[in-house]
Structures are given as C-alpha cells and as structure tokens.
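Visitor: For the protein sequence lines, the chains are A and B, in the order given. The first sequence begins at 1 in the working numbering and counts up by one. The second sequence begins at 1 in the working numbering and counts up by one.
Any given hint could be a false lead.
Same chains, same names: a pair is fine if it fits in one copy or spans any two.
Unchecked claim - Straight-line Cα separation of at most 16 Å, EDC-like style, residue types lysine to aspartate or glutamate; simulated pairs: (1) LYS317 x GLU400; (2) LYS358 x ASP386; (3) LYS317 x ASP226; (4) LYS317 x GLU172; (5) LYS419 x GLU351; (6) LYS282 x GLU79; (7) LYS419 x ASP386; (8) LYS282 x ASP138; (9) LYS282 x ASP301; (10) LYS282 x GLU145; (11) LYS419 x GLU354; (12) LYS343 x GLU159; (13) LYS358 x ASP48.
In case anyone wonders, no lab produced these hints; they're calculated from the structure.
Protein chains: 2
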Amino acid sequence: MTTELSPDALTGLLERARQDYQALVGRGLSLDLTRGKPAPEQLDLSEDLLSLPDGRHAAADGTDVRNYGGLQGLPELREMFAEVLQVPAAQLLALGNSSLELMHDCLVHAMLSVVPGAETRWVDQERIAFLCPAPGYDRHFSLCERFGIDMIPVPMTPEGPDMDAVERLVAEDPAVKGIWCVPKYSNPTGDSYSDATVARLAAMPTAAPDFRIFWDNAYAAHHLADEPVEIADLLAACAEAGNPDRVFVFGSTSKITMAGAGVAFFGSSPENVRWLLAHNAKRSIGPDKINQLRHVLFLRDADGVRAHMERQRALLKPKFEAVGRILEAELGGTGLATWTSPKGGYFVTLEVPEGCAKEVVRRAAEAGIVLTPAGATHPYGDDPRDAVIRIAPSYPSPAEVEQAIEGLAVCVRLVGYEKRAA
Amino acid sequence: MTTELSPDALTGLLERARQDYQALVGRGLSLDLTRGKPAPEQLDLSEDLLSLPDGRHAAADGTDVRNYGGLQGLPELREMFAEVLQVPAAQLLALGNSSLELMHDCLVHAMLSVVPGAETRWVDQERIAFLCPAPGYDRHFSLCERFGIDMIPVPMTPEGPDMDAVERLVAEDPAVKGIWCVPKYSNPTGDSYSDATVARLAAMPTAAPDFRIFWDNAYAAHHLADEPVEIADLLAACAEAGNPDRVFVFGSTSKITMAGAGVAFFGSSPENVRWLLAHNAKRSIGPDKINQLRHVLFLRDADGVRAHMERQRALLKPKFEAVGRILEAELGGTGLATWTSPKGGYFVTLEVPEGCAKEVVRRAAEAGIVLTPAGATHPYGDDPRDAVIRIAPSYPSPAEVEQAIEGLAVCVRLVGYEKRAA
Numbered sequence: 001m002t003t004e005l006s007p008d009a010l011t012g013l014l015e016r017a018r019q020d021y022q023a024l025v026g027r028g029l030s031l032d033l034t035r036g037k038p039a040p041e042q043l044d045l046s047e048d049l050l051s052l053p054d055g056r057h058a059a060a061d062g063t064d065v066r067n068y069g070g071l072q073g074l075p076e077l078r079e080m081f082a083e084v085l086q087v088p089a090a091q092l093l094a095l096g097n098s099s100l101e102l103m104h105d106c107l108v109h110a111m112l113s114v115v116p117g118a119e120t121r122w123v124d125q126e127r128i129a130f131l132c133p134a135p136g137y138d139r140h141f142s143l144c145e146r147f148g149i150d151m152i153p154v155p156m157t158p159e160g161p162d163m164d165a166v167e168r169l170v171a172e173d174p175a176v177k178g179i180w181c182v183p184k185y186s187n188p189t190g191d192s193y194s195d196a197t198v199a200r201l202a203a204m205p206t207a208a209p210d211f212r213i214f215w216d217n218a219y220a221a222h223h224l225a226d227e228p229v230e231i232a233d234l235l236a237a238c239a240e241a242g243n244p245d246r247v248f249v250f251g252s253t254s255k256i257t258m259a260g261a262g263v264a265f266f267g268s269s270p271e272n273v274r275w276l277l278a279h280n281a282k283r284s285i286g287p288d289k290i291n292q293l294r295h296v297l298f299l300r301d302a303d304g305v306r307a308h309m310e311r312q313r314a315l316l317k318p319k320f321e322a323v324g325r326i327l328e329a330e331l332g333g334t335g336l337a338t339w340t341s342p343k344g345g346y347f348v349t350l351e352v353p354e355g356c357a358k359e360v361v362r363r364a365a366e367a368g369i370v371l372t373p374a375g376a377t378h379p380y381g382d383d384p385r386d387a388v389i390r391i392a393p394s395y396p397s398p399a400e401v402e403q404a405i406e407g408l409a410v411c412v413r414l415v416g417y418e419k420r421a422a
Numbered sequence: 001m002t003t004e005l006s007p008d009a010l011t012g013l014l015e016r017a018r019q020d021y022q023a024l025v026g027r028g029l030s031l032d033l034t035r036g037k038p039a040p041e042q043l044d045l046s047e048d049l050l051s052l053p054d055g056r057h058a059a060a061d062g063t064d065v066r067n068y069g070g071l072q073g074l075p076e077l078r079e080m081f082a083e084v085l086q087v088p089a090a091q092l093l094a095l096g097n098s099s100l101e102l103m104h105d106c107l108v109h110a111m112l113s114v115v116p117g118a119e120t121r122w123v124d125q126e127r128i129a130f131l132c133p134a135p136g137y138d139r140h141f142s143l144c145e146r147f148g149i150d151m152i153p154v155p156m157t158p159e160g161p162d163m164d165a166v167e168r169l170v171a172e173d174p175a176v177k178g179i180w181c182v183p184k185y186s187n188p189t190g191d192s193y194s195d196a197t198v199a200r201l202a203a204m205p206t207a208a209p210d211f212r213i214f215w216d217n218a219y220a221a222h223h224l225a226d227e228p229v230e231i232a233d234l235l236a237a238c239a240e241a242g243n244p245d246r247v248f249v250f251g252s253t254s255k256i257t258m259a260g261a262g263v264a265f266f267g268s269s270p271e272n273v274r275w276l277l278a279h280n281a282k283r284s285i286g287p288d289k290i291n292q293l294r295h296v297l298f299l300r301d302a303d304g305v306r307a308h309m310e311r312q313r314a315l316l317k318p319k320f321e322a323v324g325r326i327l328e329a330e331l332g333g334t335g336l337a338t339w340t341s342p343k344g345g346y347f348v349t350l351e352v353p354e355g356c357a358k359e360v361v362r363r364a365a366e367a368g369i370v371l372t373p374a375g376a377t378h379p380y381g382d383d384p385r386d387a388v389i390r391i392a393p394s395y396p397s398p399a400e401v402e403q404a405i406e407g408l409a410v411c412v413r414l415v416g417y418e419k420r421a422a
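Using the sequences and the hints given, assemble the complete structure.
Guide: So this is what it looks like as structure tokens:
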C-alpha cells in the first residue's frame with residue numbers, strides 16, 4: 001500500500017490535505033454512517049404492513065392469530081422463508097422481532113441447560129471460548145463479553161474465515177464451543193463463504209462434542225449485484241457429514257420489511273429445534289402471530305420476497321456505488337487505502353494504513369461525520385493493526401453519503417500523509 | 001366441610017350422582033376450561049388494532065417507529081400504563097409481547113450477572129430458593145424448575161400470602177432470593193393483597209441483600225365487580241421503607257388487547273431499570289415500536305384503558321356469575337365444596353374434600369370436560385391436600401361454561417360421596 005513519494009511531493013500533499021480538512025470542518029456537517037439502519041425510503045416499501053392484516057385474523061390452518069399459542073410460528077411464514085434461509089420449514093421457527101435476541105437466548109439456554117451433545121452446562125465449565133472471524137459484527141462480540149465467553153480472533157478472508165486456523169483451533173481446544181459466522185455478504189467486509197469453506201465447517205473434527213456454528217444469515221436476500229451470490233447449504237452439509245446438530249441458523253426480516261417490527265427465524269436440526277422449543281415453552285406462550293400473518297399477506301411467497309428485495313436493491317445500490325466511486329476518485333492510486341466492493345449486505349470495509357483508523361475516525365467526528373468506532377469490528381474493540389473502518393451507507397440520503405465519503409477521504413489523506421511525514 | 005348424613009341418605013346421594021355421571025358421559029361433551037385465554041368476542045373488542053397504525057409511523061416525539069432503536073419503548077405508552085401499573089413512567093419500560101418473557105429474562109440476568117445489591121451471580125450460589133404463595137400460577141413455578149430454583153410453598157390467604165411465614169422465611173435464609181406475587185385478583189384464587197400485606201412486604205428484613213419481589217400485576221385492570229379493587233403501591237412503599245430495589249413489576253396488555261400480540265411492561269427502581277436496560281441493550285436493538293404505536297392509537301390514554309376494560313368486563317362477568325350460580329345450585333349445602341367469588345381476574349378456585357381433586361379432574365376429563373391438572377396450582381405440581389381445582393371460564397361460550405360447570409358439579413358429587421362412603 002505504500003507508494004514512493006519525494007519529500008517535497010509529500011509536503012505538498014499534506015498541505016493540500018490540511019487545507020481540505022480545514023474547509024471540511026468549516027462546512028459544519030452532521031452526518032451519521034455508524035449503523036446498518038434502513039433508510040426511510042426503504043421502510044416506505046413496506047408501507048402496506050401498517051394497515052395489515054386489515055381485519056383478518058385466521059392463519060392458513062384456521063388458527064386465530066390473535067390468541068395465545070403457536071410456539072413454532074405460522075407454518076405459511078416458515079414455508080416462505082425455508083428457501084431464503086436454506087432450512088426445511090419443519091425445522092424453521094418464526095419467532096419475535098429480533099434475531100439478535102435469538103442468538104442471545106441460545107447462548108443463555110446453552111449456559112443454563114445442557115445443549116444437545118454436551119456433557120455439562122456451559123456455565124459449569126471453567127472456560128468457554130468462541131472463534132470470532134475478524135473483522136466481524138460488534139454485536140456478536142458484545143454477547144460474548146456479556147456472558148464471559150473468551151473470544152479468539154480468526155482472520156476473515158474473501159472466502160470466509162481462515163479455515164486452516166479454524167480447523168486447528170476447534171480440533172485442539174475443547175473449550176472452543178462456537179464460531180460466529182455471517183456467511184453471506186458478511187458484516188463488514190461483504191464477502192461470502194465459499195463452498196469449500198462451508199464444506200470444511202461442516203466436516204471438521206471438533207474437540208468439543210457440543211460445538212455450535214452461530215450462522216447469522218442476516219443478509220440472505222440482500223443483494224446489491226445483478227447476479228445474487230448463492231452460498232452452500234450448511235445445515236444439509238452438517239447432516240451429511242454426520243454432525244447434524246452443529247449449526248444454529250438465524251435470520252430475520254429486519255432489513256427486508258421493518259427494522260424494528262419484523263420477524264426473526266431460528267433453524268437447525270430436529271434435535272436442536274426440540275431443545276429450543278422446550279426452553280421457549282417455559283419463557284413464552286407464543287410469538288406475535290398477528291405480525292407474522294401481516295408479513296404473510298404482504299410478502300406472499302419466496303418470489304414476493306425476491307421482488308421486494310429488488311426494490312430494496314434499487315434504493316441501496318446507488319449509495320454503495322457512490323462510496324466506491326468517490327473512494328476511487330479521491331484515494332485511488334494514493335496507496336492510502338483499499339476498500340471492498342460488496343455484492344450485497346449493508347457495509348463497505350475501508351482499510352487505511354496501519355495505526356491510522358482511530359485517528360481517521362476521530363478526525364471525521366471532529367468534522368461532523370460520525371463513523372462506527374475504529375476497532376468495533378474486532379473482538380474486545382481491538383483491531384491490532386488499527387486499520388479497519390466500517391462504512392454503513394444505507395441510512396443517509398444519496399447526497400449525504402456522497403458528502404460523508406468525500407469528507408472521509410479528506411480525513412484519510414490528512415491522517416495518512418501526516419503518518420508518512422512523521 | 002363435612003355434614004352429618006345417615007348411611008341411607010349417603011347411599012341415595014351416591015346412587016343419584018352415579019346416574020348423573022353416566023348421563024353426563026353419555027352427552028359426549030368436549031369442553032376446555034384449562035387456560036386463562038380470552039374468548040374470540042373479547043379479542044373482537046380490539047378489532048381496530050388489525051388495521052392500525054394505518055399508515056402512521058411517527059411517535060409523539062417524531063421517532064420513526066419503523067426503524068431500530070428505543071430500548072425503553074414509546075414514552076406515550078409508558079405514560080398510559082404508569083397509572084395502571086403504579087410505576088412512574090420514567091421507571092416503566094414498554095417491551096415485547098409477553099410479561100412471562102420478562103420474568104424469565106430477569107431470572108436469566110440475575111443468574112448470569114450480579115443483580116443490584118447482590119454479592120455474586122445467583123448461578124454461583126450453592127442454592128437459590130423462591131417463596132411460592134400457593135395456590136399460585138403454574139408458569140411461575142415452571143420458571144423456577146427450569147432454572148433449578150428451589151420452591152418453598154407459603155399458604156395463600158384472602159389478604160395475600162401468609163406474611164408471618166413469609167417474614168420468617170426471608171429473615172432466616174439468605175438463599176431465599178425472591179417471591180412470586182400476583183397481587184390483584186390473584187391466579188387462581190382471585191384474592192387481592194391487603195394494604196397491610198403490601199406494607200409488610202416492603203418493610204420486612206431479608207437475609208438476602210438481593211431479595212426480589214416478582215410482582216406479576218397481570219390483572220391490574222381486569223375487574224369483574226362494579227367497584228374495582230385498589231391495591232397499595234408496592235414500588236413506592238419499598239422506596240419509603242428504604243428497600244427501593246426490592247421489587248420488579250410486570251404487566252401486559254395480553255388480556256387487554258390481543259393475547260398473542262400485546263405489549264409487556266417492566267417497572268422498578270431507577271437502579272434496577274438501568275440494570276435491565278444494560279442487559280437488554282446486548283440482546284436487542286429495541287422492541288416492536290409499531291405495535292406500541294398501534295396500542296397508543298387504539299387505547300388513547302388511561303381512561304381509554306378503563307373504558308376498554310369495562311367492555312371486557314361485560315363479556316366476562318356473566319361467565320363468572322354462571323360459575324358461582326351453578327356451583328351454588330348444585331353443590332351448595334352439600335359440604336362437598338367451597339369456591340371463590342373473584343372480583344376480577346381470570347379464575348375461580350374450587351376446593352373439594354381432601355384427596356379428591358385429582359379424581360374429580362380425571363372423572364371430568366372422561367366426561368369430556370378438560371380442566372387444568374390438579375396440583376398445577378402448587379409448586380412441583382404437588383397440592384399436598386389434593387383439594388384445589390382451578391376453573392378458567394373465560395374462553396368457552398356462556399352456554400359451554402354452564403354445561404362444563406354443571407358437569408363438573410356432577411363429578412364433585414360423585415367423587416365426594418364415593419369418598420364419604422368408602
């Protein structure tokens with residue numbers, strides 16, 4: 001990433017960067033690129049949900065969705081998302097409004113009860129560790145911290161986590177009970193797991209008999225490119241490899257319909273589904289089935305989901321294209337940055353010279369451009385190279401995205417050239 | 001409860017009971033009095049919810065309820081239920097669709113984190129116990145079983161739990177960390193806690209510094225009598241007594257609007273609220289605020305809740321009156337049964353002669369009348385006197401309630417006279 005520059009040339013570039021930064025600060029921007037939130041226009045696409053189910057209250061089998069019961073969720077909604085999430089409908093549960101909650105609750109149940117295949121509750125073991133492909137999703141890491149689960153970073157590659165490292169770590173250490181995966185359009189790199197990665201995850205020997213892959217398929221239907229990426233079916237691969245209970249699949253409509261009022265899904269082996277249902281039966285008398293019926297009436301079927309996601313794509317694609325176009329125009333050839341060009345999902349990962357990410361984020365904040373804290377993409381908030389910045393362009397308007405990325409590029413030039421000159 | 005009967009008179013009564021039971025079985029009934037579910041007519045009262053918020057998506061403060069965020073829930077809904085649940089709005093959270101979930105989650109957080117006032121996590125203590133006023137709510141007991149919490153039964157009286165027993169148990173045993181309370185129109189007796197009971201709960205010394213009252217105010221607005229029962233404000237009483245963190249208040253609209261799609265509430269001291277919010281922040285990006293807005297638009301304010309509950313009362317009261325009327329007509333003066341005449345809530349408790357409850361429930365089931373299993377009202381499903389039967393008359397139609405109670409009375413006569421004759 002380094003480029004040879006004469007001292008004079010560097011001085012000139014640094015001077016220009018300082019002037020540009022002063023001008024940027026002077027503009028008094030107030031822009032937020034921190035979180036992967038849908039924009040209001042995306043939520044407008046699901047406007048019809050706000051008056052559904054419009055008096056209806058019978059599920060396909062005649063169940064009155066207004067009353068208690070139905071721990072598995074509406075069969076017709078599970079059927080609709082079986083294809084999207086690659087889980088047979090019989091093994092897929094439609095539950096509350098948040099897949100993060102389901103991940104939390106699976107950890108809780110594994111801590112406080114014996115997960116299928118385990119000898120003891122996790123809470124009774126001296127140490128529990130999870131593999132954390134990094135860069136990754138900060139909320140996964142927060143759950144580990146909350147429950148005292150040690151995090152072991154594993155490098156993320158364009159094909160998924162470094163599988164040589166994963167295989168070695170799970171084979172040698174029985175305390176390694178899980179791995180966090182966002183297999184499609186990963187948060188934050190946008191990369192998707194290759195078929196080889198999926199096959200190795202399914203088949204690898206693990207020292208822990210109760211090892212679980214937390215397969216957070218958050219962006220299963222969230223394409224940006226003309227050609228959707230398809231990933232291999234991990235649940236089927238695990239069953240074929242003789243490890244049927246290895247994977248917990250999570251998904252939701254949070255970034256399909258309403259971010260705060262969607263439906264979350266859990267899929268797994270029959271044994272794991274029975275395990276979760278048994279614990280859920282103590283906790284709840286059933287999910288919000290009216291909201292599930294609302295989603296059935298609105299999305300109709302898997303084709304309806306695909307058509308809806310095309311409309312989402314039309315709104316999101318220009319923002320992601322603007323990010324790539326401006327970064328190329330402002331930073332291309334400078335040797336100061338590389339970035340991802342995701343085919344789906346919600347994020348662009350920007351890599352700046354080692355030791356510069358925190359300072360770039362700080363400078364951007366001073367200029368009114370708020371980014372996800374540098375380091376958040378890594379366990380314990382610690383990016384050892386201090387190089388990764390997550391860009392979340394979904395929420396601001398296209399014009400705001402352009403302003404923000406132009407400003408961010410100024411900060412990268414300022415911090416990058418300052419570091420070179422130091 | 002025993003009445004002197006000549007052997008001949010008893011033989012005659014038993015013979016008539018046997019004939020009546022044969023006739024009852026011959027009718028081939030299929031009636032279900034097991035659970036406190038609202039009837040479809042009750043759910044119809046909230047029909048308007050099924051097309052709300054009808055395109056609107058802004059909360060009172062302008063928040064877009066469709067998007068992520070808002071861990072505390074909508075302020076205007078918290079304001080509305082502050083009065084109903086006797087919790088200041090600032091200390092009341094509006095969350096998901098189930099208060100049972102919130103009770104479960106508070107136990108989880110106390111098990112896996114240090115609750116305010118505690119020295120260690122509950123999971124790190126050798127033994128944890130909860131006081132269980134009995135008869136009580138089976139789902140409370142199931143949560144204790146699920147988490148390995150010992151249950152200590154305490155007799156329920158018409159003024160609440162036997163406070164002499166409660167005070168002695170909490171004073172002497174630091175393993176006693178909590179008590180389950182349904183303070184108004186208790187499940188299943190319908191009794192409400194007296195002011196003296198509330199004052200003693202607030203002020204009593206406890207050996208455990210982290211003792212918690214799980215105050216499940218499930219029937220706060222669910223009156224049956226012309227004059228609503230008012231209970232004392234436990235949260236305020238605890239603060240005044242110098243035990244501000246002692247109580248977790250729970251409530252929901254499950255039996256106000258939609259049983260599966262209502263809104264649940266948690267209220268407590270500022271310290272406890274911060275504690276729960278901190279843990280919830282790891283688990284969720286916020287509750288379903290669209291459903292909360294839906295409830296705001298539908299119920300409008302605390303007066304709206306009261307007016308709505310009057311309509312619920314009009315549907316429920318005849319069913320409860322039928323239960324009392326038929327029990328009196330069929331069993332009055334027999335010495336075979338006593339029953340409660342609740343001023344609110346969802347249940348009638350029927351007491352039959354010691355050793356008869358299981359057999360009555362069995363005989364009723366054979367005649368097609370399904371009741372909550374005898375014993376379910378007590379910890380570990382064990383009613384030591386085998387005398388308590390819970391009647392849940394809300395769901396069936398008035399005609400079905402009458403049929404079911406007439407049949408139940410036949411079973412009580414049959415089993416009661418058989419026992420006397422034995």
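Visitor: For each hint, tell me whether it holds in the structure or not.
Guide: Hint check:
no., hint, result
1, LYS317 x GLU400, "within (15 Å within a copy, 59 Å between copies)"
2, LYS358 x ASP386, "within (7 Å within a copy, 68 Å between copies)"
3, LYS317 x ASP226, "within (10 Å within a copy, 61 Å between copies)"
4, LYS317 x GLU172, "neither (43 Å within a copy, 66 Å between copies)"
5, LYS419 x GLU351, "within (15 Å within a copy, 82 Å between copies)"
6, LYS282 x GLU79, "neither (25 Å within a copy, 30 Å between copies)"
7, LYS419 x ASP386, "within (13 Å within a copy, 80 Å between copies)"
8, LYS282 x ASP138, "between (30 Å within a copy, 10 Å between copies)"
9, LYS282 x ASP301, "neither (31 Å within a copy, 32 Å between copies)"
10, LYS282 x GLU145, "between (26 Å within a copy, 10 Å between copies)"
11, LYS419 x GLU354, "within (10 Å within a copy, 85 Å between copies)"
12, LYS343 x GLU159, "within (13 Å within a copy, 65 Å between copies)"
13, LYS358 x ASP48, "neither (42 Å within a copy, 51 Å between copies)"
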